[in-house]
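Chemist: Okay, here's what each chain looks like letter by letter:
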Amino acid sequence: MPSSATAPSKTWRWVLPWSVGAAALALAAALALTVGPGEFALGDVLELIAVKLRGGQLEPTAEAILWELRLPRILLALLVGAGLGCAGAVTQGLFRNPLASPGVLGISTGAAAAVILGFALGVDEQGLWVTPTLAGLGALTMLALLFGLTSRRQDLAYLLLTGVALNALAGAASTVTLAMFLDRYALAQKAMAWMMGSFDGRGFTQLGWASGPILIGMVAAWALHRPLDLLVLGEETAATLGVDRGRLRLLAALVVGLLVGTSTAAVGVIGFVGLVVPHVARALLGGAGHAHARLLPASMVVGAALMLGVDTLGRALTPMFLAPGALTSLIGGVFFLWLLRRQTEEPT
Amino acid sequence: MKLRAEGLGLRVAGRWLIRGCSFELTPGTVSVIVGPNGSGKTTLLRALLGLIQPDEGKVWLDGSPLARHSLRARARACAWLPQRTELPWGMPANELVMLGRAPHLSAFAGPGRADELAVTAALARVEASDLSVRDVRTLSGGELQRVLLARLLATEAPLLLLDEPTTALDVGHALALLELTRELAAAGHGVLMSLHELELARRYGDQALLLRGDDAGGYVLGSVNEVLTPAVISEVFAVGAKIIAGELRFHSTVT
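Same order as they appear, the protein sequences are chains A and B. Its first residue numbered 1, the first sequence is counted upward by one per residue in the UniProt record's numbering. Its first residue numbered 1, the second sequence is counted upward by one per residue in the UniProt record's numbering.
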């Protein structure tokens, strides 16, 4: 008797949870559309989708609130969350370290410092591409410094302490830049608002230029899944299994730079998403979490869900302003301490 | 499939670990590298794998220099067991062994039926079939070494390079592992390993390369019985050595 008659086929075992996950995420996004001022129910949201699929228009208030304000913001939250979750999984794989993440290692702070320098010099007015490019370059600079400084020693404490130092340096660079232009009130306000990390006032514009690079970054990340798997054996052993170490580092750094840079440019610094998300994804996947072919997509889904939840919570609490970046750092900081505690009990 | 070093010279911090050395690793034989601590056994193995560039000479794989072969082609020819592998929690042994299939997989397609069969066969070869779904971090030293060796076998590389494979093992497991290397050689593999235990090297090796550790790159190369003699050992390791009842015995010369 063929085994497929008794047990569900292997493909089916994977398709089912992924479909359920995607459907749950879509439903959550639809529900998130109803949150906020104005009496909209799930029915209105479904109507919006139906009308828009036919290429029509809603009545003006609903059109403005649902279509022009909330939908792009929600899509942006999903996109940024997926990108940051994915970047976190790549970073952890690359440094072979569950405590590594773009936030902890100073990569996000580096991106932010470059953007603030751009604000101060006024180059961000030159075009929409300037801020994302600066953010990407800032992230890549930090990665290059990390590689350079940790090439001799690869242990956990050394990597994290290097991250602490780089975080402090990049943070200081931002502060110094701002201090030099303190008399320009508008600049300070713009920089502060941006640094806090928020989806307020972000819409189709940011979604327009951010979706391309983030989607490309996520596909490119997935393409690196096998070499990232092999890295668990150590860099040299991975090399004896056909991994080109230099190329992997370069490509992974470009991917992380692209994802973190674009996300940071779009919505500011959203800390700790890259740290928390891959752990949640691993817990959901169980033993299969070691395979990046599954860990990377799962991190994207979990990241998108987390970002949507954080942003929706923030909107539900309006008029109280709760910056999503602050909320993720709050969750992430506690989570990091818990991880650190577990790491020391169960040394890896 | 042959791995050949020609006029190999390796230098670390101004001192030669080995210099002007030519030898060959061929299928069907077990070669051992021995030498005092810090004499460069691991460095030599890394150079033979192409992980570092030799300071002099060249490494050849079959008819052409190692560097001319793609990383994938090299991975299919030579498999490497490092001295220590730090592994994450929660990884099942069969997934670890599956990593050895990487040189045979295309960039995007997942492992297929043939790869699963190779993993099963490799685990069976090292008598670790019952460990296949165990978390690798919960394995004992001997069990883990067998699973790691299965990872090499899953690669189906004819040449196996092992860096002190017996160091973390008790004597029973060490002997079992060395017996296994002999069986693998009999089945057509070429095995090259560094070893600490000179008597075991003599008993299980065919060819021996002894690094003198004299900073001038001195070495002794030949069959184990030519190289691992009491005279050479007393000189290189600064101990007294004798063969009693066919076995090497040592005694300290410090009085």
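Since the hints were made in silico from the structure, they are not lab data. Treat the hints loosely; a few may be bogus.
Pair by pair, the computed Cβ-Cβ distance ranges are [said to hold, decoys possible]:
| hint | chain 1 | residue 1 | chain 2 | residue 2 | range |
| --- | --- | --- | --- | --- | --- |
| 1 | A | G55 | B | E156 | 54 to 64 Å |
| 2 | B | P65 | A | G333 | 29 to 39 Å |
| 3 | A | A26 | B | L117 | 35 to 45 Å |
| 4 | A | L250 | B | S129 | 55 to 65 Å |
| 5 | A | G36 | B | A121 | 56 to 66 Å |
From the three backbone atoms N, C-alpha and C, an ideal C-beta is built for every residue, glycine too.
Chemist: Indicate, hint by hint, whether the structure satisfies it.
Modeler: Here's how the hints hold up against the structure:
1. G55(A) - E156(B): 54 to 64 Å: Given a distance of about 57 Å, which is inside 54 to 64 Å, the answer is holds.
2. P65(B) - G333(A): 29 to 39 Å: violated, 53 Å
3. A26(A) - L117(B): 35 to 45 Å: holds, 40 Å
4. L250(A) - S129(B): 55 to 65 Å: violated, 40 Å
5. G36(A) - A121(B): 56 to 66 Å: 60 Å Cβ-Cβ, so the 56 to 66 Å window holds.
Hint violations for this structure: numbers 2, 4, all remaining hints satisfied.
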